[in-house]
Amino acid sequence: MTLDFSVVTNAWQALAWGVVGTMLLAVFGMALAMVIGVGGVAVLRAQRRIPTLLVTAFVEVIRNTPFLVQIYFIFFALPFAGIRLNPTITAILALGLNGGAYAIEIIRGGVESIPKGQTEAGLALGLHRGEVFRMIVLKPALKAIYPSLSSQFILLTLTTAICTSISAYELTSVGQRIEAETFRSFEVYFTLTGIYLVISLLTMWALAAIGRRAFAYPDR
Amino acid sequence: MIEMRNVDKWYGSFQALKDVSLTVLPGEKIVLCGPSGSGKSTLIRCINHLETIQKGEIVVAGHRLSDSQKVVDAVRREVGMVFQQFNLFPHKTVLENCILAPMRVRKLSRADAEATARRYLERVRIGNQAEKYPAQLSGGQQQRVAIARALCMEPKAMLFDEPTSALDPEMVKEVLDTMVSLARDGMTMICVTHEMGFARQVADRVIFMSDGEIIEENDPERFFSNPTHARTRAFLGEILAHR
Amino acid sequence: MGTLEFTYLLEGLRWTLVLTAVGFAGGIAFGLLVALMRVSKSPWLRIPAIGWIGLFQGTPLLMQLFVVYFGLPLFGFDVPAWAAVAFALTAHASAYLGEIWRGAIQAVPRGQTEAAEALGLPSRSRMVDILLPQAFKLSLPATVGFLVQLLKGTSLAAIVGFIELTRAGVIVANQIYQPLVVFGIVGVMYFLMCWPLSLYGRHLERRMAAGISK
Numbered sequence: 001m002t003l004d005f006s007v008v009t010n011a012w013q014a015l016a017w018g019v020v021g022t023m024l025l026a027v028f029g030m031a032l033a034m035v036i037g038v039g040g041v042a043v044l045r046a047q048r049r050i051p052t053l054l055v056t057a058f059v060e061v062i063r064n065t066p067f068l069v070q071i072y073f074i075f076f077a078l079p080f081a082g083i084r085l086n087p088t089i090t091a092i093l094a095l096g097l098n099g100g101a102y103a104i105e106i107i108r109g110g111v112e113s114i115p116k117g118q119t120e121a122g123l124a125l126g127l128h129r130g131e132v133f134r135m136i137v138l139k140p141a142l143k144a145i146y147p148s149l150s151s152q153f154i155l156l157t158l159t160t161a162i163c164t165s166i167s168a169y170e171l172t173s174v175g176q177r178i179e180a181e182t183f184r185s186f187e188v189y190f191t192l193t194g195i196y197l198v199i200s201l202l203t204m205w206a207l208a209a210i211g212r213r214a215f216a217y218p219d220r
Numbered sequence: 001m002i003e004m005r006n007v008d009k010w011y012g013s014f015q016a017l018k019d020v021s022l023t024v025l026p027g028e029k030i031v032l033c034g035p036s037g038s039g040k041s042t043l044i045r046c047i048n049h050l051e052t053i054q055k056g057e058i059v060v061a062g063h064r065l066s067d068s069q070k071v072v073d074a075v076r077r078e079v080g081m082v083f084q085q086f087n088l089f090p091h092k093t094v095l096e097n098c099i100l101a102p103m104r105v106r107k108l109s110r111a112d113a114e115a116t117a118r119r120y121l122e123r124v125r126i127g128n129q130a131e132k133y134p135a136q137l138s139g140g141q142q143q144r145v146a147i148a149r150a151l152c153m154e155p156k157a158m159l160f161d162e163p164t165s166a167l168d169p170e171m172v173k174e175v176l177d178t179m180v181s182l183a184r185d186g187m188t189m190i191c192v193t194h195e196m197g198f199a200r201q202v203a204d205r206v207i208f209m210s211d212g213e214i215i216e217e218n219d220p221e222r223f224f225s226n227p228t229h230a231r232t233r234a235f236l237g238e239i240l241a242h243r
Numbered sequence: 001m002g003t004l005e006f007t008y009l010l011e012g013l014r015w016t017l018v019l020t021a022v023g024f025a026g027g028i029a030f031g032l033l034v035a036l037m038r039v040s041k042s043p044w045l046r047i048p049a050i051g052w053i054g055l056f057q058g059t060p061l062l063m064q065l066f067v068v069y070f071g072l073p074l075f076g077f078d079v080p081a082w083a084a085v086a087f088a089l090t091a092h093a094s095a096y097l098g099e100i101w102r103g104a105i106q107a108v109p110r111g112q113t114e115a116a117e118a119l120g121l122p123s124r125s126r127m128v129d130i131l132l133p134q135a136f137k138l139s140l141p142a143t144v145g146f147l148v149q150l151l152k153g154t155s156l157a158a159i160v161g162f163i164e165l166t167r168a169g170v171i172v173a174n175q176i177y178q179p180l181v182v183f184g185i186v187g188v189m190y191f192l193m194c195w196p197l198s199l200y201g202r203h204l205e206r207r208m209a210a211g212i213s214k
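Residue numbers (UniProt numbering), protein chains in the order written: chain A, 1 to 220; chain B, 1 to 243; chain C, 1 to 214.
You may find that some hints are simply not true.
To be verified - Listed next, the stretches of chain A that the computed footprint assigns to chain C, with coverage defined by at least 3 CB atoms under 8 angstroms from CB atoms of chain C:
id, segment
1, 61 to 69
2, 97 to 105
3, 127 to 138
4, 161 to 172
5, 193 to 203
To be verified - For each label pair, taking beta carbons as the anchor points, the in silico distance ranges come out as:
id, chain 1, residue 1, chain 2, residue 2, range
6, B, Gln15, A, Arg48, 15 to 21 angstroms
7, B, Gln54, C, Glu114, 50 to 56 angstroms
8, C, Asp78, A, Ala214, 50 to 56 angstroms
9, A, Ala209, B, Asp204, 56 to 62 angstroms
10, A, Ile50, C, Leu74, 51 to 57 angstroms
11, C, Leu180, A, Pro218, 50 to 56 angstroms
12, C, Gln149, A, Thr182, 31 to 37 angstroms
13, B, Asn6, A, Arg48, 30 to 36 angstroms
14, B, Asp177, C, Gln149, 57 to 63 angstroms
Hint data in this document are derived by calculation from the structure and do not stem from the laboratory.
Idealized CB from N, CA, C, for every residue including glycine.
If we strip away everything but chain A, and leave its shape as in the complex, we get (with noise of 0.2 angstroms):
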């Protein structure tokens, strides 16, 4: 058995535009999930029927199916619907479609979380519902779940690779091609995993930084 390396560090250049590709797909994927869970939960909040249904149907069926199969369904699906999108926007469109029902989950606990007094003592004071979220409910309830959120992120990172199956412009996309072109089916994947485990591991590390400064208060 002979290892030789040289395959991927020649690559070096495509592996580093690989992972701004990954990090990009991760960024643009949460933003669209936060936007989604945030807006799931206002729905769900309203209280009204049908909408309630759509949200927890659209939840479970997220939740319930592998991130392969939503994607491919994405990738064919849209062209039927008369939209062509590039591989990259279809990934970001599923990741987060994907991510959008689990921070609906999180989201929904952290505003819970948030006693009724808090909200009673906004309103005795004269400020308005959507003031009273804002200003008083939004960020405790983000302090509560941001640790959910972060390992929601992470996952969400590492859920990127998947998107190699449409061709989405990522660091495992961008391995395959490097593997097709040299058969080094195993250096490849060995350093791939090595970058992810680093991306992880730095990303972990940044989102504990800035929950620690954006949320410096004492809780008790």
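Based on these hints, arrange chains B and C on the given structure of chain A.
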């Protein structure tokens, strides 16, 4: 100042207030007492529209309460509230807690709001803690901040919902002292409390509620020395036996 | 889509179930080992467990499949594709289950250990008779949740080229040019397997929350 006429309040099929009428004049201090679940908290929460009523009417400082946001806003500007659990905002400092509503609702400049806040924090003798977060204060201190926060809106009346019930015994006095001094300055106050010493000291009237009804109301002297209703006597016997 | 194609999908589904079952069973056995190492007082056991968990939770499952799939032959293990995939899933599951059970073991109230110590129970009995049974109960919702995760995860074997449910779907979709119908059916099949498990997990969680608040 505050006028309730024949108010009924239901939670589903449970009637929380039964035909409640109450008139509070400017500068009057009312103490509401009664067993738990008797509707006293519900009553004061109706006054600033934290609860809605099904029948009757409530007029606060000339505004007849309805679901109209305008009326509700007007009423909440005039009426401050202090809660059992303090309900300070954990992510804001003491000072920020006090200036939020004056800036947002009364549209004061930050400088004006801070000046007002510091004045009231000084009044509740907590001026030196303005930059701390609620979690860094004791329960008694937190409740005094909550009082200052309500006062910063310069309300015409104050509602107190069991303000000392969640406090450790040694902190009750500092909060009551603050409330007494507020009463001395002529504030209109409705207090749900079982602190009978406080009632004797400042109340113009003591009202006893049970099962959603006002059973008895009288000046404190007669209320305590000569309660007319059997349920009032039973209740007083109960809480006085525990001291 | 005809009966032939549908049968082909069911054939793939069978492999999905096999992979899930093997991965989960292996994951339980090795996961217990990882959990026990992780809560051990000895750093020689604890630190490798931390590394193992971090490695699998910090990298994509797809990479884990690739590395094992291409790595095993390089190191002289010539095994069939399904075995390589099952091996990777087992390792993956051992890390996740190890971490879940680590949390559960540490969530058993401290007083339980102290009471067992006060009774003079040896450390082995403390773990086997006192901590593990309680931890097992605490961990059930998360364990069931991971089973759903693992079942969905087997779909990645499709990218390696192994014909399980998703790969069968890709093949059928290419044959009959009806990707939406085929992936719709494949999605429904996954949903019918995962949803009952998810509901069961939530039921356990609710029952536990009710038990704690009592």
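Right, here's what the structure says about each hint:
Coverage of the segment 61 to 69 of chain A by chain C holds in this model, with 8 residues showing a Cβ closer than 8 angstroms to a Cβ of that chain against a need of three. Coverage of a stretch by a chain is defined here by at least three residues with a beta carbon nearer than 8 angstroms to that chain's beta carbons; for the segment 97 to 105 of chain A and chain C the count is 0, and the condition is violated. By the rule of at least three residues with a Cβ nearer than 8 angstroms to a Cβ of chain C, the coverage given for the segment 127 to 138 of chain A is violated, with 0 such residues. Note: the segment 161 to 172 of chain A has 5 residues with beta-carbon separation from chain C under 8 angstroms; the three-residue rule is met and the coverage holds.
By the rule of at least three residues with a Cβ nearer than 8 angstroms to a Cβ of chain C, the coverage given for the segment 193 to 203 of chain A holds, with 5 such residues. A hinted range of 15 to 21 angstroms is violated for the C-beta pair glutamine 15(B) and arginine 48(A), which are about 28 angstroms apart. Under the hint 50 to 56 angstroms, the C-beta atoms of glutamine 54(B) and glutamate 114(C), about 55 angstroms apart, fit the expected range. At about 52 angstroms, the CB distance of aspartate 78(C) to alanine 214(A) agrees with the hint of 50 to 56 angstroms.
At roughly 57 angstroms, the beta-carbon separation of alanine 209(A) and aspartate 204(B) lies within the given 56 to 62 angstroms, and the hint holds. Between isoleucine 50(A) and leucine 74(C), the C-beta spacing of about 56 angstroms keeps the proposed range 51 to 57 angstroms intact. For leucine 180(C) and proline 218(A), the Cβ-Cβ distance of about 53 angstroms falls inside the hinted range of 50 to 56 angstroms, so the restraint holds. Judged by the Cβ atoms, the range 31 to 37 angstroms given for glutamine 149(C) and threonine 182(A) holds: they are separated by roughly 33 angstroms.
A hinted range of 30 to 36 angstroms holds for the C-beta pair asparagine 6(B) and arginine 48(A), which are about 34 angstroms apart. At roughly 58 angstroms, the beta carbons of aspartate 177(B) and glutamine 149(C) sit within the given window of 57 to 63 angstroms.
In summary, the numbered hints that this structure violates are 2, 3, 6.
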